[in-house]
Amino acid sequence: MAFLLLLLGLGGCRGKTAPTADSGAALSSEQVAATWLWRVAFSEELPDALFPLLAARWLGGLEGDWGTLGGPLAKEQRAVHGGRTLEARLLLEDRLALGHLAAIHLQANCRLARKPDAYGLGLGQAYALGAAACAGLGDQAGQAAATANAARVSGGSFRDPVGASLRSVGEGGQQALAQLLVPEVKKVELKGESLEYALLWPAQLEAAQRTLELRERGLSPSVQGEGSGPVDLLDHLATSSWFAGAEFGKHELLSAAMVLGAAPVGTGRLAQVEGALEEVIAAWRSSLVSLPRDGAMALDAGGRSLLESWFRRALYRDVGLLALEEGDAELALVALEEAAGARGRVRPGAGLDPLLLAAMARARFECNELQRSVELLDDIGAAKGWEFALPVARTVARLAVVGSGADARVNR
Amino acid sequence: MRTTRKTFLTLLAVLLLGLPLVLSGATSVAEAEDVRALVVLEEDEPQATYPFMARTMSESRLAELLFRRFFTADVGGDLESGLFEPGWSSRPPNLSLAVREGLKFSDGEPVTFSDVSFTLNDVYRRTDVGHSVGGWYSKIFGDAQQITPLHGSIRFQVSMPDDGAERYLMTSVLLSRKALAPEAGGKVQLELSKRKPTGTGPFFAKDTIESFDDVLLHRNPHDEVAVRKGQPVQAIRLLYDQDAARQKELMEGGRADLWVSPPPAVLPSFRNESKRYGIRSYDLMQWWFMALNHAHPALADARVREALDLAIPRQQLIEKFGGDSARSTSGPFLPGSAWAPGDVEATAENRDRVITLMEEAGYSREGGRWVKDGEGFTLRLGVQSDIADDFSDVVYGFQDAWESLGFRVRVKNIRPSDWRGKVEAGQAAANWDVILGRWNLDREEGVLSLFSSAQDGGPQVNLFKYSDQTVDGIVADFYKESSGPAREALMQKLHRYLHSDRPYLFLWTLQVQSVYRRDRLSGFRPSPFYYFTQVGKTAWKESAGE
Chain A
1 MAFLLLLLGL GGCRGKTAPT ADSGAALSSE QVAATWLWRV AFSEELPDAL
51 FPLLAARWLG GLEGDWGTLG GPLAKEQRAV HGGRTLEARL LLEDRLALGH
101 LAAIHLQANC RLARKPDAYG LGLGQAYALG AAACAGLGDQ AGQAAATANA
151 ARVSGGSFRD PVGASLRSVG EGGQQALAQL LVPEVKKVEL KGESLEYALL
201 WPAQLEAAQR TLELRERGLS PSVQGEGSGP VDLLDHLATS SWFAGAEFGK
251 HELLSAAMVL GAAPVGTGRL AQVEGALEEV IAAWRSSLVS LPRDGAMALD
301 AGGRSLLESW FRRALYRDVG LLALEEGDAE LALVALEEAA GARGRVRPGA
351 GLDPLLLAAM ARARFECNEL QRSVELLDDI GAAKGWEFAL PVARTVARLA
401 VVGSGADARV NR
Chain B
413 MRTTRKTFLT LLAVLLLGLP LVLSGATSVA EAEDVRALVV LEEDEPQATY
463 PFMARTMSES RLAELLFRRF FTADVGGDLE SGLFEPGWSS RPPNLSLAVR
513 EGLKFSDGEP VTFSDVSFTL NDVYRRTDVG HSVGGWYSKI FGDAQQITPL
563 HGSIRFQVSM PDDGAERYLM TSVLLSRKAL APEAGGKVQL ELSKRKPTGT
613 GPFFAKDTIE SFDDVLLHRN PHDEVAVRKG QPVQAIRLLY DQDAARQKEL
663 MEGGRADLWV SPPPAVLPSF RNESKRYGIR SYDLMQWWFM ALNHAHPALA
713 DARVREALDL AIPRQQLIEK FGGDSARSTS GPFLPGSAWA PGDVEATAEN
763 RDRVITLMEE AGYSREGGRW VKDGEGFTLR LGVQSDIADD FSDVVYGFQD
813 AWESLGFRVR VKNIRPSDWR GKVEAGQAAA NWDVILGRWN LDREEGVLSL
863 FSSAQDGGPQ VNLFKYSDQT VDGIVADFYK ESSGPAREAL MQKLHRYLHS
913 DRPYLFLWTL QVQSVYRRDR LSGFRPSPFY YFTQVGKTAW KESAGE
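So the sequence lines, in the order shown, correspond to chains A and B.
The first sequence runs 1 to 412 under our numbering.
The second sequence runs 413 to 958 under our numbering.
Please keep in mind that the hints were generated in silico from the structure rather than gathered at the bench.
Heads up, the beta-carbon is just placed ideally off N, CA and C, and yes, glycines get one too.
Please note: incorrect hints may appear among the correct ones.
Stretch by stretch, here's where chain A covers chain B in the computed footprint (C-beta under 8 Å, at least three residues) [unchecked claim]:
#, region
1, 579 to 585
2, 893 to 903
Calculated lysine-lysine pairs in the DSS-like style (CA-CA distance at most 27 Å, straight line) [to be verified]:
#, chain 1, residue 1, chain 2, residue 2
3, B, K877, A, K250
4, B, K608, B, K590
5, B, K892, B, K877
6, B, K516, B, K660
7, A, K191, B, K892
8, B, K892, A, K186
9, A, K187, B, K892
10, B, K551, B, K892
11, B, K641, A, K250
12, B, K551, A, K115
13, B, K516, B, K590
14, A, K384, A, K75
15, A, K115, A, K187
16, B, K892, B, K824
17, B, K641, B, K551
18, A, K115, B, K892
19, B, K687, B, K516
20, B, K824, B, K551
21, B, K618, B, K641
22, B, K606, B, K834
23, B, K641, B, K687
Distance ranges between label pairs, derived from CB positions [said to hold, decoys possible]:
#, chain 1, residue 1, chain 2, residue 2, range
24, A, V182, B, G754, 53 to 63 Å
25, A, S29, B, G734, 56 to 66 Å
26, A, A296, B, P680, 29 to 39 Å
27, B, A647, A, A296, 19 to 29 Å
28, A, K186, B, D626, 56 to 66 Å
29, A, K186, B, G838, 40 to 50 Å
30, B, R781, A, V185, 30 to 40 Å
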C-alpha cells in the first residue's frame, strides 16, 4: 500500500475531527464504504502490484507512462488476482481511444479531400484516402467529391491500396499491431520547401481496432474465471458506476448516464447538466463530511479532498465520454476538460489516461477548436507507442489553415 | 345601507385584490431597475464599440455582446446565422438571403433588408467613415455596384466566384439604418453613436455609456433566451483597466463572477477551490513578441538581432507563467501549425554565442556595455502597459538577461492611448526601439499583415514598418495561390525567413483560461476568439452563491 500512503499523506486522512455537513442528501457510512472510491483507498482488496498502474492511468498521484497501444501487462501484474481483468479493461479503453482518434482522422481527411485545392498534383493518393474516409463515415457526397478530386489530379481513379490486405487480421504480436499503424510517407518538394504527407489509411485504423478487440475476447474466459473481489472493482474503478456495478445505492448517488438521461440534447443542456453534476458532487461531499468523527470511517480534510477529486474526475470523465457518443461535442469538451483538471495544456501524465485524452482531442476537433486539438494530438503522438496520432495531428493542422475567406482579425 | 355596504365591500375587494398588484408592480419595477448583473473582469478599457474599429480583444469581446454577426461558425464549424432565415443560397457570384422574420434591433425597430444593404454599402464598403476595413470589403465585393433588396431577399454580387461566399461575412455585423444614417444625408457618424450603439446582439446599452472603464449592459429584450434551468443573465457589468492583483481581490471577494484573462500564475489557487470556481479554456491564438526596429543603427545588423534573441532565457521566463501555460515559438505560426516547419526550433539561450556575435559585429565590451567606434547604445524597450502591470517579473527577466550581457535597456510603458496615438499612427520608431507585446489572431492568415510593407492606410500593425522584398514577394505569391500544398510551402518559407531575419523576436504562445464562479453560474463556455458568442446559454444557478 505504498501508493496509498503516498497519496494520503502517510495515512493521515483518517481524521479525528470532521466539519458539519453542508448540503445535499448524505449517503450512509455503509453506502460510502461500498463505493469503489472508498474500497480503492481503504480496503485491502486490490493487490499492491497493480496500484502503480492504476495511479498512473486513472487516479493520479504517481507518474507512469501509458504503455504502448494494447501492450500486455507485466508478468507479475498479470499473475495477481484481477490482473487479467485489468488487462482486459486496458485493452478495451485503448481500443476506444483508438476509435476516437480514428473518428478525428476520418472526419479531417474527408473534409480536406472534398476541397479541390487541398492537395494538388502528385497527391492523388491523399484524395483517395479522403474518399475512403468519407466512405467510412457514410458521407456519399464527400466520397464522390474526393474521388473526383483524386481522378482530376491523377488522371485515373485510386483504390484503397491497403484495405483488402487488412481485412483479415489476427491478434498478432505487439510488433504486428504497431506495424499496422505505420503510415506511408509521401514527400513533396515545393517552392523550396519539403512537405511530408503521412498517409494513414482508414483500413489500417480499423484493422488495429479489430486486433485489439480480438485480444480482449481472448482474455474474456480467464477473466470470468477470476471471480469477484477485485474484479468488479477493477472493472468500474474511475467510472461513475460508484457501487462497482451493484444496484446498491445507485439511486442515492447518480451516475453520469442518469444525469445525462434526465437532460435531453438541445439548447440549454450544458447549463442543466453542469448544475446536476455539481449537485451530485455536493451529495458526495456531504456524505464524506457526515461520516462519523471516530472509528473506522473517520476521515480528515486530506482524505475528503482526495476522494472528492477522484469522484469529480470520474463523474466528468464519464459524462464527457457519453456526451461524445451522443454527438454533443460541446458538453463533452467542457466535461472532459474538467475531468483533466482544467489545465492549460493537457498531455499524457498521471491520471490522464489515453481514453480521456483521445476523447478530448476529438471533442476539441468536433467543437472546431482545431489548433487545440492539434496540440493535444501532437502530445499524444509523443507518447511511446502512440506515434500514430501524429499523422492525425498533421491532417487536422492542414484543415485548420484552409482559407475561410473571412477578414482575418489581429488584435492586441 | 345595503348599497353602501355593498359599495364598501366592493371597494375593499378591489383594494385587497389591487394592493398586491400594485405592490407586485412596484417590486417588478424595482427589480427591473436593480437586476443582478454578471460582473466581468476585462482587460484594457475599450475605445470602440463597433467591431470593425476594434483593435484590442476587449473591444472585440464588447462588440460581440452588442452586435450579431451575419454568420457565425457553430460548434462543429458549420455556418449558422441568427440574422437570416436558414436556407440562404450561395451561388457565385450571388448570395441570396432573407432576414429572419420578427427580428428586431435592441431599440425595438424591426430589421429590414434595408438595414443589410445600409450596413454593407454605407458603412463597411466606405473608406471615409473612420474605420479601416473598407479596403478589404472593396476586394470582396469588387466591382459590384450595389447591394439591394430584391424580391423579399437580399441579393448582392461577390466578385470572387467561390463556393460559400457567406464565409466572407463572418466578421460583418448588422447595423441599423435608422440609428446611424444622418437624417440630412451624408456619411455615417460612427463616433457619435459609439456610446449608445444599436444592434441585435444579446445585450445592449440601455443608458449611454458614460465611462468606458465600467460598462453596464442589459439583456436585449428582443433576443430570445436560451436557458433551460436557472435564471437567464439579465445584465452584464464589464470592469476594465484593473491590474491583476485588484482583479484577484475582486474575484476572491465575491464581487466579480468572471475573470476573462487572468495571469496563468494565479490559476492554481482558483483550481484548488473547485466548489466555488470553475476554469474554462479560451481558444485564442495568442503569441508574445519583441518587435525590433530594423532602422535602428545597432539593430540593422542581423548579428546584433540574433545576439539579443540568444540572450533571452525563454524557458526560464516561461516558467514564470506556471505549469504548461506557455510554449515557446519559433516564428509567426504556432507550434503544431501546418505552416510552421517542423525543423525550425525556438531560439535557445546561448550566452557564449551572444558574445561571439557581438564581437563579429565589431563591438567590444567597455565598462560592461557594448561599444562600437567609441559609441554605445541604449535600447528603448516599450512594453504594452497591461503586460508591464501584470507580468512585471517577465519584463524584469528580459531586462536582466540583456543587461547582464552588456545591452543597456530603458523600459518605458506604452499606455493604450500611446498605442493608438503613436504605434498605430506609425510613430513607434520615434519613441521605442523594441516593443514587447502580444497579438491575438482569429486565423493564422492574419499574421501576414504584421510583416507586409503594403498597409492599406488603417492603423499600423507592422509596428516598425518592416519592409523586405522577400517577405512581400512571399505574401503576394500566397494571395495568388489557391493550392493547399503551395500555400503551405510558402508559409513555411515565410516562417523560416522571419525566424532568421527577426523583425520580431518570437517568444511564446500562451493558453488563456478564464475563471468563473461555478457556484453562481452554469452553462458558461467561451467561444473561440469572440468569447461571448454563446453567452445567451449562461444562467444564474437557482441558488446562486452569496
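Quiz item: Taking 27 Å as the top limit, are the C-alpha atoms of B/K551 and B/K892 close enough?
Solution: 13 Å, holds
Quiz prompt | 27 Å limit on alpha-carbon distance, applied to hinted pair B/K606 and B/K834 | solution = Roughly 22 Å separates the two Cα atoms, so the pair holds.
Quiz item: Within 27 Å, alpha carbon to alpha carbon, are A/K191 and B/K892?
Solution: Distance ~14 Å between A/K191 and B/K892 Cα, so the pair holds.
Quiz item: Given the proposed pairing of B/K608 with B/K590, does the C-alpha separation stay at or below 27 Å?
Solution: 13 Å, holds
Quiz item: If you check the beta carbons of A/K186 and B/G838, does the distance land in 40 to 50 Å?
Solution: 45 Å, holds
Quiz prompt | Given hint B/K551 paired with B/K641 - CA-CA distance at most 27 Å | solution = Violated, at about 46 Å.
Quiz item: Going straight from one Cα to the other, do A/K187 and B/K892 come out at no more than 27 Å?
Solution: Given that 27 Å is the threshold and the Cα spacing comes to 24 Å, the pair holds.
Practice problem: Could you tell me whether the CB distance from A/S29 to B/G734 stays inside 56 to 66 Å? | Solution: Cβ of A/S29 to Cβ of B/G734: about 39 Å, so the range 56 to 66 Å is violated.
Exercise. For the pair supplied as a hint, B/K687 and B/K516, confirm whether the alpha-carbon distance does not exceed 27 Å.
Key: 40 Å, violated
Quiz item: Given the hint that B/K551 pairs with A/K115, does the C-alpha gap stay at or below 27 Å?
Solution: 23 Å, holds
Quiz item: Can the suggested window of 19 to 29 Å be confirmed for the beta-carbon pair B/A647 and A/A296?
Solution: For A/A296 against B/A647, whose Cβ atoms are near 52 Å apart, the range 19 to 29 Å is violated.
Self-check item: B/K641 paired with B/K687 [C-alpha distance capped at 27 Å]
Solution: Satisfied, since the Cα-Cα distance of roughly 19 Å is no more than 27 Å.
Hint violations for this structure: numbers 3, 6, 16, 17, 19, 20, 24, 25, 27, 30, all remaining hints satisfied.
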